[in-house]
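Trainee: Spelled out, the chains give:
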Amino acid sequence: MTENTNPQVPANPSEPGKIQDHFDLFHTDTYQDLFEYKRQFEGAHDRDLVTETAEWTKSWEYREKNFSREALTINPAKACQPLGSLFVASGFEGTLPYSHGSQGCVAYFRTHLTRNYKEPFQAVSSSMTEDAAVFGGLNNLKNGLQNSYELYKPKMIALCTTCMAEVIGDDIGAFIQTAKNEELIPQELPVPAAHTPSFVGSHITGYDNMLVSILKTLTAGKKAETTNGKFNFNLGFDPYIGNLRELKRILGLFGIDYTILSDNSDTFDSPNTGEFKMYNGLTTLEEAGDSINAEGSFFFQKYTTPKTQDYITKEWAQKTYNFRPFGIKGTDEFLMALSAVTGKAIPQELQQERGRAVDAMTDSQAWIHGKRVALYGDPDHVFGITQFLLEMGAEPVHIVVTNSNPDFEAELREVLTNSPYGQEATIWGKKDLWHLRSLMFTEPVDLLIGNSYGKYLWRDTHTPLVRIGYPIFDRHHMHRYATLGYQGAINQFNWIVNTILDELDRKTIIPSKTDISFDLIR
Amino acid sequence: MATVEDRKALVQEVLEAYPAKAKKSRSKHLNVTEADASDCGVKSNKKSVPGVMTTRGCAYAGAKGVVWGPVKDMIHISHGPVGCGYYSWSGRRNYYIGTTGVDTFGTMQFTSDFQERDIVFGGDKKLDKLIDELEVLFPLSKGTTIESECPVGLIGDDIEAVARKQAKKTGKPVVPVRCEGFRGVSQSLGHHIANDTVRDWVLPKADEYRQLPEGYEPGPYDVNIIGDYNIGGDAWPSRLLLEAIGLRVICQFSGDGTFNEVVMTPLAKMNLIHCYRSMNYICRFMEEKYQIPWLEYNFFGPTQIAKSLRKIAAQFDETIQAKAEEVIASFQPRMDAILDKYRARLEGKEVMMMVGGLRPRHVVPAFEDLGMKVIGTGYEFGHGDDYKRTADYVGEGTVIYDDVSGFEFEELAKKMKPDLIAAGIKEKYVFQKMALPFRQMHSWDYSGPYHGYEGFEVFARDMDMAINNPTWSLVNAPWAE
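Line order of the protein sequences matches chains V and U. If you want our numbering, it's the 1-based position in the first sequence plus 500. If you want our numbering, it's the 1-based position in the second sequence plus 159.
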């Protein structure tokens, strides 16, 4: 038993007048001693054993054990359906996202989105408890619809479900009709509904389910004799509101009349005017209703939107186009198609931008070329980054996609096979970030691209992290930038090359030891 | 100066927006405190009204996120579909010391990631196998807790049977926690359920599991810190103070705590409890079973810290009491300097709070130390005993709102125009868009610690930074004035 030799409180802070918060306070001797003293009560393992075990987790042996997991998921790179439902719903005018089931879920969704964007996110719940588990959620839904309609005066309520409502089998379509028949909400209030249990798919599935339901609801009976001359655009579960704005700018330069199906750029980036505005979705219900009469629909996330695209093709008899305007070639293909479909020339301004982007990439390319990269995220997100990395001569090595699917993997594999820089790559479908940890220890890479959760891999493997994805909780304002188009290409490789250069400085910052290469000019 | 009557009228106005039934139910949860009242006069711990935008979470959040989650050397499984574990992953800033992924696991997410087949065929086999896999990959873990999510309770899985079997097989504790999100009306039942699992699954075997520090002899000054979750490191300055007055802290439950510390608890002479709401159950049990008395304390702000240190010391002998006075005196110059600096900047500022646990009352005196006044407060998931205790903390005319809805909070804030709102992340940006200064009182807005003397310095700095933030003066464009 170690005696508490340092129970004295420091009478003064180390520097008088300087307030020490957690960043400094706990590094002081006083607290280091406190931790050491506490340790004996912890039943802690011997320090050598911990070190030894930590080393073992980096081994090939551990990797094999790690990859034989069948039941356990550790640090997955996927969320659940309603998150995507709320996300897409919030891009429509006056729309209140509504989660039918237990109430804790909606607290989590709101928190998650809010932490990423540092913006308010308003959504309501049916607040179902044990009695609803026994008797069903009809009463909760009726009250919930009435109360939320009266209090928050939405133009549309976009309703998705939680696991609870799905497991007990609530008939949400019938429930909503009952609420309307009992005049708790107006008959004409659109209330699209989607089944979104967490045990099926992931957040991108929920995005698709909600979008198709919203479109079905809003376009019912709106099919006209002629088309409206517009094109629809959908970005999928794309966390970069800068992308919506960049797309609109591009379409403006073309002079193309468009409807964005779910424009949540203001939802997640509303101005501070001193007044709180609850609804900021920019896609009007009228426009969305008329989207059935468009000339065609462009999608940028094929694997997020299979049901929506199937619906549009079959029910609307409308042509759908899939593009990934990320990086130079992806953007080229998109712009050429846009030009071909609309008969409008590619604007001079965009051609200039292309030249500048290629010029800038060429300037930085030497620092990126041949760098081995690990990356993870949603299928389409990972796809866009991979094609961009290949353009720069970077070599994707570990590609982890927890919410993967075979079609995606086949399509991406083909791209990798056809590039000299894709030869080292393996697509790890359905794997998680603990698998990735083993991969990064046994087959190290130079760079990791992912969301904020990647910082734990950065800490453990010392691989510098470029934050591209969702969620990004520990860096500010990333979502405001575009990753789409030529401007987006510049932003992305700016993040990548400067992360590499920062890392080089960190590696060479020790005077008279490593600072030989602490170069002024790079 | 608003009178009680003025404020009651204002509450009535806010309630007018509700449909009749919801209005009736919500009206019981809102009140204005009268002079010398012994209670806040609101109903609490009732079901939230559907559709009004409650801020509450669920039992799972209370059990996994609050009580068990911070026990750092155990693995806490989010048992069921992927979402619950994902959203609560590493979100609560329960600081801890350890090598994550090797001997500690606090910022990791473990889930059984239920698929449709698990709903149809049940998840017990998967759970059983999952614990086998944990043993292979994390041999240094000190045990497992299973936090069940909604579907688990609805499909009739027997997680207790799996837990018993695996506890035998692994020789480590495996604790099944039935905290499905539909149970109860908020996080609060999750706290209670988690406390009960400590009572039923851990303490009966405490002697068997316990590893005593070498040469440990029970002493007269052994205490447990209960209900400090070490947000931003809160529990450490608290521990420092208790040790400085001569007590020996043998357990932190659960911030930066270990399983061994949990089983050390019955050896203590007293339970010192900070978050009464989430941990009173286990304190009451230990009082009954082991005759360990418990005492609530408040380490927010110098007034309450001094009061609490004296109250704690009074339970022990004169040496402790003398040391408590020494400690209080030794910090006095630091506190005077801080109050000198910040009172001048914060005097008379008004605050509205809405948080969970203990903070809607415990933080009131810390604001008062800074010369500020709390004009409204309420709990996300408080009970009657919380509101009773709150009456001792707040003055006449304070607006009390239980389980406040988004609508009520916005409307009250618009009418009451506080200088600062102190609530959670979901509220933060709503009010900042209204150009109202805001601080998160769950996560300390990524700052902290706020407990103890050192914590108060950080608290004072942060409140000043929020209220006197120069960007508020930029909200109105000059041409619009």
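Mixed in with the good hints, there may be bad ones.
[Unchecked claim] Result set (DSS-like, lysine-lysine): computed pairs, CA atoms no more than 25 Å apart in a straight line: (1) K518/V with K206/U; (2) K180/U with K653/V; (3) K187/U with K653/V; (4) K206/U with K653/V; (5) K482/U with K532/U; (6) K655/V with K180/U; (7) K777/V with K576/U; (8) K618/V with K284/U; (9) K331/U with K653/V; (10) K653/V with K574/U; (11) K653/V with K576/U; (12) K777/V with K328/U; (13) K565/V with K180/U; (14) K183/U with K653/V; (15) K284/U with K655/V; (16) K500/U with K655/V; (17) K500/U with K565/V; (18) K573/U with K558/V; (19) K592/U with K777/V; (20) K777/V with K482/U; (21) K680/V with K182/U; (22) K653/V with K500/U; (23) K565/V with K288/U; (24) K930/V with K558/V; (25) K777/V with K573/U; (26) K618/V with K573/U; (27) K288/U with K655/V; (28) K565/V with K284/U; (29) K565/V with K183/U; (30) K327/U with K618/V; (31) K653/V with K182/U; (32) K206/U with K930/V; (33) K680/V with K324/U; (34) K182/U with K930/V; (35) K680/V with K180/U; (36) K592/U with K565/V.
Calculated directly from the structure, the hints in this document are not laboratory data.
Trainee: Run every hint past the structure and note whether it holds.
Mentor: Each hint, compared with the structure:
1. K518/V with K206/U: violated (46 Å)
2. K180/U with K653/V: holds (18 Å)
3. K187/U with K653/V: The given pair, whose Cα atoms are some 24 Å apart, holds under the 25 Å limit.
4. K206/U with K653/V: OK: K206/U and K653/V at ~23 Å, within 25 Å.
5. K482/U with K532/U: violated (32 Å)
6. K655/V with K180/U: holds (23 Å)
7. K777/V with K576/U: Roughly 17 Å separates the two Cα atoms, so the pair holds.
8. K618/V with K284/U: violated (41 Å)
9. K331/U with K653/V: With a Cα-Cα distance of about 54 Å, the restraint between K331/U and K653/V is violated, given a limit of 25 Å.
10. K653/V with K574/U: holds (20 Å)
11. K653/V with K576/U: holds (24 Å)
12. K777/V with K328/U: violated (57 Å)
13. K565/V with K180/U: Outside the cut-off at roughly 57 Å; violated.
14. K183/U with K653/V: holds (20 Å)
15. K284/U with K655/V: Since the Cα atoms of K284/U and K655/V sit roughly 46 Å apart, the hinted pair is violated (cutoff 25 Å).
16. K500/U with K655/V: Judged against 25 Å, a Cα distance of about 50 Å means the pair is violated.
17. K500/U with K565/V: With a Cα-Cα distance of about 58 Å, the restraint between K500/U and K565/V is violated, given a limit of 25 Å.
18. K573/U with K558/V: Outside the cut-off at roughly 55 Å; violated.
19. K592/U with K777/V: holds (8 Å)
20. K777/V with K482/U: violated (54 Å)
21. K680/V with K182/U: holds (21 Å)
22. K653/V with K500/U: violated (46 Å)
23. K565/V with K288/U: holds (14 Å)
24. K930/V with K558/V: holds (21 Å)
25. K777/V with K573/U: holds (13 Å)
26. K618/V with K573/U: Cα-Cα ~21 Å, so holds.
27. K288/U with K655/V: violated (48 Å)
28. K565/V with K284/U: Given that 25 Å is the threshold and the Cα spacing comes to 20 Å, the pair holds.
29. K565/V with K183/U: With a Cα-Cα distance of about 59 Å, the restraint between K565/V and K183/U is violated, given a limit of 25 Å.
30. K327/U with K618/V: violated (47 Å)
31. K653/V with K182/U: Between K653/V and K182/U the Cα gap is close to 16 Å, so the pair holds against 25 Å.
32. K206/U with K930/V: violated (39 Å)
33. K680/V with K324/U: violated (51 Å)
34. K182/U with K930/V: The hint is violated at about 48 Å.
35. K680/V with K180/U: Holds. K680/V to K180/U sits at ~18 Å (cutoff 25 Å).
36. K592/U with K565/V: violated (50 Å)
Consistency note: the structure conflicts with the earlier hints numbered 1, 5, 8, 9, 12, 13, 15, 16, 17, 18, 20, 22, 27, 29, 30, 32, 33, 34 and 36.
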